[in-house]
Amino acid sequence: MAVLNVNGKSVQASADPRTPLLWVLRDTLGMTGTKYGCGIAQCGACTVHIDGVATRSCQVPLSATNGKKITTIEGLAQDGKLNKIQAAWLANDVPQCGYCQSGMIMAATALLAAKPNPTDADIDAAMTNVCRCGTYQQVREAIHAAAKA
Amino acid sequence: MTIQTSLGRRGFLASTTAAGAFSLGFSFPWASAQAAEVQELNAWVVIHPDDKVVIRIARSEMGQGTLTGLAQLVAEELECDWSKVTTEYPTPSENVRRNRVWKNYSTGGSRGIRESNQYVREGGAIAREMLIAAAAAEWKVPAAECKAADSKVTHSSGKSATYGQLAAAAAKLELPKEVKLKDPKDWKVAGKPLKRLDTLPKLTGQMTYGIDIKMPGMLTASVRACPVHGGKLKSFDAAKVEKMPGVKQVLSIDNNAVVVVADTYWNAKQALDKLPVEWDVGKLGEVQQDQITAMLKEGLGASEAFVGNKAGDARAAIDGAAKKVEAVYSFPWQHHVNMEPMNATARFTREKCEVWCGTQNGEAALAAAAEAAELPVAKCDVYKTILGTGFGRRGRADYVRQAVLVAKQMPGTPVKLIWSREEDMTHGTYHPTTMCKLTGGLDKDGNLVGLHVRISGQSILAALLPQNLQNGMDPAVFQGFANGGPEAAYGYTVPNLLVDHAMRNPHLTPGFWRGVNTNQNAVYMECFMDELAEAAGQDPLAFRMKMLKPKYAAVLKAATDKAGYGKPLPAGHFHGIAQIMGYGSYVAGVAEVSVSADGVLKVHKITAATDPGHVVNPAQIERQVAGSFVYGLSAALYGEITLKDGAVEQTNFDSYNVMRIDEMPKVETVLAPSGGFWGGVGEPTIAVAAPAVLNGIYKATGKRVRELPLMHQELKKGA
Ligand code: FES
Ligand code: FES
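Heads up: the protein sequence lines correspond to chains A and B, in order. Each residue of the first sequence is one higher than the one before, counting from 1 in this note's numbering. Each residue of the second sequence is one higher than the one before, counting from 1 in this note's numbering.
These aren't lab readings, by the way, just hints derived from the structure by calculation. Even for Gly, the Cβ is constructed at its ideal location relative to N, Cα and C. Among the hints, a few may not be true.
Stated by the list, open to error - In silico SDA-like pairs for lysine to any residue, Cα to Cα no more than 25 Å straight-line: (1) A:K81 <-> B:T204; (2) A:K148 <-> B:T509; (3) A:K84 <-> B:M215; (4) A:K115 <-> B:E663; (5) A:K9 <-> B:P201.
Unchecked claim - Cβ-to-Cβ under 10 Å is the rule here; a few derived chain B residues that face chain A: (6) R196; (7) L200; (8) I213; (9) D263; (10) D598; (11) M664; (12) V667; (13) S674.
Claimed, not checked - Estimated spans, in silico, between C-beta atoms of each pair: (14) B:G702 <-> A:Q78: 33 to 41 Å; (15) B:S596 <-> A:I40: 48 to 56 Å; (16) A:I40 <-> B:M215: 52 to 60 Å; (17) A:K69 <-> B:G702: 40 to 48 Å; (18) A:A64 <-> B:S596: 22 to 30 Å; (19) B:Q206 <-> A:K69: 19 to 27 Å.
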């Protein structure tokens, strides 16, 4: 039985220690906001924050999460209030199908925390998530809008 | 306009399923209408006492915005307050029970709005008339003196009632036989750049996709089908993995796939990866990619071919022409790469089979479930979730069949079957592969007097819908080359024209891939147009304009004007152009590209014009157009599926790359609606992405790229 700190709460998960955090979140803890897209660190759909750093949870075994602070898409809004990125996403009507957007929002939130006023080049470097609907233009606009907000 | 209404009488049936009992996070049918005070006015419109309006949408939402667009059309006629609108999907089996009152569920071919706009608007208008009639009866005044607006009916005397107050009385009235639809120029909700209705849960992780379904006692299945399409299962050794953590059952389905069912996906997948399996692939296991190429090449010169479009005598005109131009192009297999891998959840008992999944065709999914379950359709139900993209792939119900076949072997237990990305990549229905030889004849003044377009390659209909072939011919192969029609007609007037198809069908399953055959046909025609223009010594735009029919010319002009075509560009930047008609819409694109001295391509900007007839939501069209370039350019840059020993070689994003944000050009959308028709917007623009860029590359480098993807092409000058 492993103990995880997810979205500020301590939760117990019984799973093989080699199980990727992605599947612990989805199947063991029932937190399905974090998505599966590739399982090999390529697409970013599974992005969460581990101690504030945007991390692809399909690559992190349960055993490596001990003592770390995990934030998922479900934990971004505080007291029902969307964070800056989520609010900009809403205002800019960013998602199409939405499947990639949990990962996008987690990556953009980490980017803004590290660089409150990111350039286009910063966005290109940090936002390597795949969006097959092709929302990239709206993602870029919304990050700039969030930086100004 | 006054039209006959075609909607059936309401006949609300309370749901007998447990769908509403699970917390699925997405509005499921009947959940909203189960309370007695909630009133169904007709199939499309449900009104709550608090004025909340539930609009039923039969088409599937997969990112393209059809849910919002269709709701706008209903709300426009209903004259309701947009802030009170929510939506729900009626189940396909409810459609069967109600004599297909919601008509077609199939969501493909950019048909969502263009094919159903009439009857959904009628649905809204009928409900509005019923609410007015209820108010008029209550107030004992003529209905003509009452007006509906903002979810209220008012009378000239000052009387007023909300839709919520009137709904119960309105629901008891007969449906009017005739309603008048609004003139689009009077639209207040439709035609406006409204925000989507389904955004918030996508920002907080609350949206439930098929892959997120949870229910008590549910198990998860991981599947591996024979890597060679058409191959069979020979044997597998369940005992080797049965004792692994979480494993509940190891089984086979359809004699072509093995499945591990476990408590979690990870445990199922771990065991599946260790499961020893032997396949029987026969001769198919010897097929190599170069054989496919040879097969298509042979078709280019074959004497027999299906004729898709013909005018005059192209061969004679070309033979007699002052100048002859010839080129061969090819287009590789493409994978859809849906963001959410295929999945479905099924629960089977001898009395009932239920499926939860994202599907582009709820009725086909229901039929597949019934067939797999060997139960009558009346004992089956499909509950649609939102799709993590569809792109045509989720019109096929193979994954639904698999889920039901697994659940059938574990009666009573809900089983969620998830394809790994690797399974998804290797068991797609691929954008068909074709080659094309184009031969054109120019007279001494540089006019195109004859054109022969020979397509050789794969037919989707032959593989998936053979009943739709016309005397063996696949008419869909000629998308963009058709002789007239409202769908995908050829835009140039060429006095002597022959477009024909030598059908060559490799064993890899083809399928409908967003944009379908317009994609390669636009590459062939629009790149060759540039070759012809050069041979004629003319500018590609001027050369096209001489031959283009008015609507095609207007949209190309709109794009080139906006892009500043012909005006000076930054040093080293070049414009390439392309146009096509697809899915009832006219589209054109201008790509601004540069190629560095060491051959690095950059697409700086795309200017794209669309004439879809009517515009239902300009903001969503802009998003569809921008997204279309991501889809089309991903294919042009990287998209290629190849075969080795009969199996697909690519397995994941590391071997099948797609465009990320750093390569995304700025896309500027020009809407040029000319009215009078309804065209689609989800697909047509994709087709102009590749040819516009390829034509720009030629201007930048002098290299004609006739084979895709671009990642294999050396663009360095002099190389
Ligand atoms: S699922 Fe983790 S990066 Fe794609
Ligand atoms: S919004 Fe659909 S994949 Fe990004």
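Hint check results:
Simply put, K81 of chain A and T204 of chain B have alpha-carbon atoms about 11 Å apart, close enough for the 25 Å limit, and the pair holds. Annotation: proposed proximity of K148 of chain A to T509 of chain B is violated, straight-line Cα distance about 49 Å (limit 25 Å). With a C-alpha separation of about 33 Å, the suggested pair K84 of chain A and M215 of chain B falls outside the 25 Å cut-off, and the hint is violated. For a cut-off of 25 Å, the pair hint linking K115 of chain A to E663 of chain B stands: about 21 Å separates their Cα positions.
For the hint linking K9 of chain A to P201 of chain B, the alpha-carbon distance of about 22 Å falls within 25 Å, and the restraint holds. Because the smallest distance between the Cβ of R196 of chain B and any Cβ of chain A comes to about 6 Å, under 10 Å, the interface hint for this residue holds. A hinted interface residue such as L200 of chain B counts as satisfied when its beta carbon comes closer than 10 Å to some beta carbon of chain A; here the least separation is about 7 Å, so the hint holds. Interface restraint check for I213 of chain B: the shortest CB-CB distance to chain A comes to about 9 Å, inside 10 Å, so the restraint holds.
Interface hint at D263 of chain B: satisfied, since its Cβ lies 8 Å from the closest Cβ of chain A, which is below the 10 Å cut-off. About 20 Å separates the beta-carbon of D598 of chain B from the nearest beta-carbon of chain A, more than 10 Å, and the hint is not met. For the restraint placing M664 of chain B at the interface with chain A, the shortest Cβ-Cβ distance is roughly 4 Å, inside the 10 Å limit, so the hint holds. A distance limit of 10 Å between C-beta atoms decides the matter here; for V667 of chain B the minimum to chain A is near 6 Å, and the interface restraint holds.
Interface restraint check for S674 of chain B: the shortest CB-CB distance to chain A comes to about 26 Å, outside 10 Å, so the restraint is violated. The beta-carbon spacing between G702 of chain B and Q78 of chain A, approximately 58 Å, falls outside the hinted interval of 33 to 41 Å. Between S596 of chain B and I40 of chain A the beta carbon distance is about 31 Å. The supplied range of 48 to 56 Å is therefore violated. For the hinted restraint 52 to 60 Å between I40 of chain A and M215 of chain B, the CB-CB distance of approximately 29 Å leaves it violated.
For K69 of chain A and G702 of chain B, the hinted distance range of 40 to 48 Å is not satisfied, since their beta carbons lie about 56 Å from each other. About 41 Å separates the C-beta atoms of A64 of chain A and S596 of chain B, a value inconsistent with the hinted range of 22 to 30 Å. With their beta carbons about 22 Å apart, Q206 of chain B and K69 of chain A fall inside the hinted range of 19 to 27 Å.
In summary, the structure is inconsistent with hints 2, 3, 10, 13, 14, 15, 16, 17, 18 from the numbered list given earlier, while agreeing with the others.
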